[in-house]
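**Q** Sequence:
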Amino acid sequence: SIHLTLQSQNLKGSPFSILVESGKSNSTTSYPSGSGLSSTVAGTNSTINLVSRDRFWNPQKNPAYASDVAAGIITGMSNTYHPKVSLVTLGEFLFAYSITRAGTYNIALSLNSVALARSPYPLTVVPAAP
2 SIHLTLQSQN LKGSPFSILV ESGKSNSTTS YPSGSGLSST VAGTNSTINL
52 VSRDRFWNPQ KNPAYASDVA AGIITGMSNT YHPKVSLVTL GEFLFAYSIT
102 RAGTYNIALS LNSVALARSP YPLTVVPAAP
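Everything in the sequence shown is counted per our numbering, starting at 2 for the first residue and increasing by one.
By construction, these hints were calculated from the structure, which means they are not laboratory data. For each residue, glycine too, the CB sits at the ideal point set by N, CA and C. Don't take each hint at face value.
Calculated lysine-lysine pairs in the DSSO-like style (CA-CA distance at most 27 Å, straight line) [claimed, not checked]:
hint, residue 1, residue 2
1, K85, K62
2, K13, K85
3, K62, K13
Just the calculated beta-carbon pair ranges, DEER-fashion [as the list claims (entries may be wrong)]:
hint, residue 1, residue 2, range
4, S114, L91, 30 to 38 Å
5, T45, F17, 48 to 56 Å
6, T101, V21, 41 to 49 Å
7, S18, W58, 36 to 44 Å
8, S40, A116, 17 to 25 Å
9, H83, W58, 50 to 58 Å
10, T48, Q10, 50 to 58 Å
11, T90, P128, 32 to 40 Å
12, A116, Q8, 33 to 41 Å
13, A65, S114, 15 to 23 Å
14, T81, V127, 39 to 47 Å
15, V21, S79, 22 to 30 Å
16, T81, S114, 17 to 25 Å
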């Protein structure tokens with residue numbers, strides 16, 4: 002709520018209730034996390050979470066931005082993988098992938114066609130136990 006005065010007098014109806022909503026999603030402040038972001042074991046299912054935020058770091062919970070689009074591509078070892086992207090809840094995405102060949106890769110993530118800060122991320126895929 003907000004309390005307003007005019008010439009040291011309370012305004013009629015003050016305090017007023019206000020609603021502050023998140024703004025447009027921003028690729029600079031939105032960030033990925035999860036164990037699948039930096040390393041995984043060949044042949045296992047791995048995931049990365051992406052939390053969408055506005056330019057002031059507010060979590061994206063505004064239905065006006067429900068059409069946000071997250072995308073990812075993993076490249077390396079002469080291969081290209083396209084993680085499956087799903088919407089977990091408004092403003093939160095899940096990337097799922099499985100890479101079968103051990104080696105060094107890069108994960109490029111974007112939000113609304115704009116690369117996330119620090120993208121691409123290095124990914125190490127280690128061999129599965131025999």
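**Q** May I ask which of the numbered hints given earlier this structure violates, with the numbers listed in increasing order?
**A** Of the numbered hints given earlier, those the structure breaks are 2, 3, 4, 7, 9, 12, 14, 15, listed in rising order.
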